[in-house]
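Letter by letter, the chains look like this.
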Amino acid sequence: MSRKRQVIIIHGKDNVGMALSPFKAGMDVSVEIRGRIEKIKIMSDVPIGHKFALKDMDEGEIILKYGEPIGQSIRKISRGEHVHTHNMISPPHSHSPLSPKDTQVPG
Amino acid sequence: MNFHGYRRPDGKAGTRNHVLVIPSVGCSQGAAMAITTGLRGVVYLPNILGCGQVGEDRGLVKRTLAGFGKNPNVFSVLIVGNGCEQLSPEEIAKEIKPSGKRVEVIVIQEMGGTRKTIAQGKKIIKEMLHEAEKLNREPIPVSELILGTECGGSDFTSGLASNPAVGFACDMLIAEGGTVILSETPELIGAEHLLTKRARTPEIAKQVLEAVAWWEERAMRAGQNIREANPSPGNIAGGITTLEEKSLGCIYKAGTGLLEEFLPYATPPRKRGLVFMDTPAHDIEQLTGMVAGGAQIIVFTTGLGNPLGSPIVPVIKITGNPNTFKKMRDNIDMDVSRILQGKETLKEAGKRIFEEVISVASGKMTRAERLGQRDFCMFKMNVNI
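Chains V and U supply the protein sequences, listed in that same order. Going left to right, the first sequence walks through residues 9 to 115 as the working numbering numbers them. Going left to right, the second sequence walks through residues 152 to 536 as the working numbering numbers them.
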């Protein structure tokens with residue numbers, strides 16, 4: 009059995025990881041990024057199953073999960089910060105056969 | 152790599168060796184059920200359609216019923232008709248016969264009532280069962296497997312654990328030359344452009360986008376804007392932020408392969424690798440469509456738990472929720488919740504799922520099979536008249 013992990017990263021290209029337990033602001037978690045163990049300081053509380061940033065992101069940066077764009081940051085996001093409706097929206101160029109506006113999720 | 156399956160006269164291979172009774176119309180369903188009562192190794196389809204469907208629905212019903220007969224998990228077929236139905240049992244038999252398997256037809260009005268039909272049906276089935284017993288499993292390349300994928304009763308563990316783990320297993324099967332069916336068109340909404348950029352040709356991408364628009368327009372006509380209703384407040388509480396994220400969680404269970412083909416409902420793939428079938432998200436109609444399209448095995452992820460099975464195809468239930476696994480032990484085959492406890496990687500769980508697929512394809516019984524789940528419901532578009 010391998011060592012107990014604290015984080016799931018689904019795809020190697022992803023810039024967010026998912027918390028496997030509730031993370032409190034200020035705690036350090038170990039994350040395996042492309043085969044290397046890194047320590048990340050958690051900057052804000054992250055509920056179980058929620059996303060947090062694996063790197064510092066600028067406003068407008070594409071957020072990748074499953075190796076694909078799932079959204080875009082609407083302000084700067086620090087490494088270790090909770091990523092959710094308060095700092096991210098659907099990615100640009102969201103495709104909608106009926107109405108492109110409908111893909112925007114209210115923050 | 153091989154599994155142990157049954158070779159059919161047309162060269163296809165099955166994971167099971169069922170004798171199948173198909174009522175070609177709802178009127179003969181009672182007789183079809185009675186024929187199978189008390190006999191082991193024979194199953195019937197609880198079909199209530201076959202009369203009253205017009206236009207494209209008539210074609211859908213015929214294709215779905217014939218698809219079950221043609222599925223390589225079926226050894227031979229008895230079709231039971233009433234006699235005056237619009238879709239005749241002979242028409243369905245004609246579709247199945249090129250597969251080279253034995254197909255018989257009996258008709259209640261011609262037999263002279265239900266009792267005589269049941270007696271004659273049982274006689275034919277006993278012969279078929281005797282013939283089926285003589286066939287043995289043999290090594291068959293896993294490249295001949297068509298694996299259907301499905302998720303139902305999803306929760307936050309589905310997108311985090313069970314779906315991506317199944318995705319690894321699908322990628323492994325495709326690497327061996329096998330075929331994986333992704334379906335549930337309404338679940339693509341929000342991530343359709345992320346799937347279509349993996350399409351092998353622009354034509355396949357166009358077919359997927361047209362199918363998404365069709366479902367979206369149908370839902371809109373019924374008063375539901377699917378994009379606005381998703382992700383739901385429950386999804387957001389569970390950590391899903393955008394519709395793209397939610398839909399990708401569903402799509403990712405079929406792995407990362409290029410999309411080789413678009414299939415209408417209940418249509419067999421002609422290509423190997425990842426294919427997409429246009430089905431509703433309604434679990435039982437989706438399951439029925441993939442089986443009618445020739446899937447010999449299904450993997451079904453569930454967060455909250457789901458009992459569905461198929462009359463002729465093993466359905467492997469996989470959950471990432473440890474409480475669901477404990478609570479619904481008789482329904483669920485595999486627990487991948489150790490991913491969420493940080494004790495197993497997605498890749499390790501994916502490998503375990505792939506191995507389970509090979510074991511089940513080779514004869515290991517699933518929970519739904521042990522329970523005798525024979526769920527069947529066809530998709531159709533319009534009213535019966």
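These are computed hints drawn from the structure, not numbers from a lab. A hint or two may mislead.
[Said to hold, decoys possible] Using 25 Å as the maximum straight-line C-alpha spacing, the simulated SDA-like pairs for lysine to any residue come out as follows:
hint	chain 1	residue 1	chain 2	residue 2
1	U	Lys498	V	Ile17
2	U	Lys502	V	Arg44
3	U	Lys531	U	Gly203
4	V	Lys49	V	Pro100
5	V	Lys21	U	Gly203
6	U	Lys498	V	Thr93
7	U	Lys502	V	Ile16
8	V	Lys63	U	Glu520
9	U	Lys494	V	Gly75
10	V	Lys12	U	Arg503
11	U	Lys248	U	Gly304
12	U	Lys515	U	Gly189
13	V	Lys84	V	Arg42
14	U	Lys357	V	Pro100
15	V	Lys32	U	Arg489
16	U	Lys494	V	Asp53
17	V	Lys21	U	Lys502
18	U	Lys494	V	Leu62
19	V	Lys12	U	Arg489
20	U	Lys274	U	Leu286
Take a quick look at whether lysine 515(U) and glycine 189(U) sit within 25 Å of each other, Cα to Cα. This hinted pair holds, its Cα atoms lying about 23 Å apart.
Taking 25 Å as the top limit, are the C-alpha atoms of lysine 21(V) and lysine 502(U) close enough? holds (21 Å)
Given the proposed pairing of lysine 494(U) with glycine 75(V), does the C-alpha separation stay at or below 25 Å? holds (23 Å)
Given the hint that lysine 21(V) pairs with glycine 203(U), does the C-alpha gap stay at or below 25 Å? Given that 25 Å is the threshold and the Cα spacing comes to 52 Å, the pair is violated.
Is it true that the CA of lysine 498(U) sits at most 25 Å from the CA of threonine 93(V)? violated (29 Å)
Given the hinted pair lysine 531(U) and glycine 203(U), is their alpha-carbon gap at most 25 Å? holds (12 Å)
Under the criterion that the straight-line Cα-Cα distance not exceed 25 Å, is the pair lysine 494(U), aspartate 53(V) satisfied? holds (23 Å)
Is lysine 12(V) within 25 Å of arginine 489(U), Cα to Cα? It holds: about 10 Å lies between the C-alpha atoms, which stays within 25 Å.
Holds or violated: lysine 49(V) with proline 100(V), Cα cutoff 25 Å? violated (29 Å)
Holds or violated: lysine 494(U) and leucine 62(V), Cα atoms, limit 25 Å. holds (21 Å)
Pair hint lysine 502(U) and isoleucine 16(V), alpha-carbon separation not exceeding 25 Å: Judged against 25 Å, a Cα distance of about 17 Å means the pair holds.
Holds or violated: lysine 498(U) to isoleucine 17(V), with C-alpha atoms at most 25 Å apart: Measuring from Cα to Cα gives roughly 11 Å; hence the hint holds.
Hints 4, 5, 6, 8 and 11 from the earlier list are contradicted by this structure; the remaining hints agree with it.
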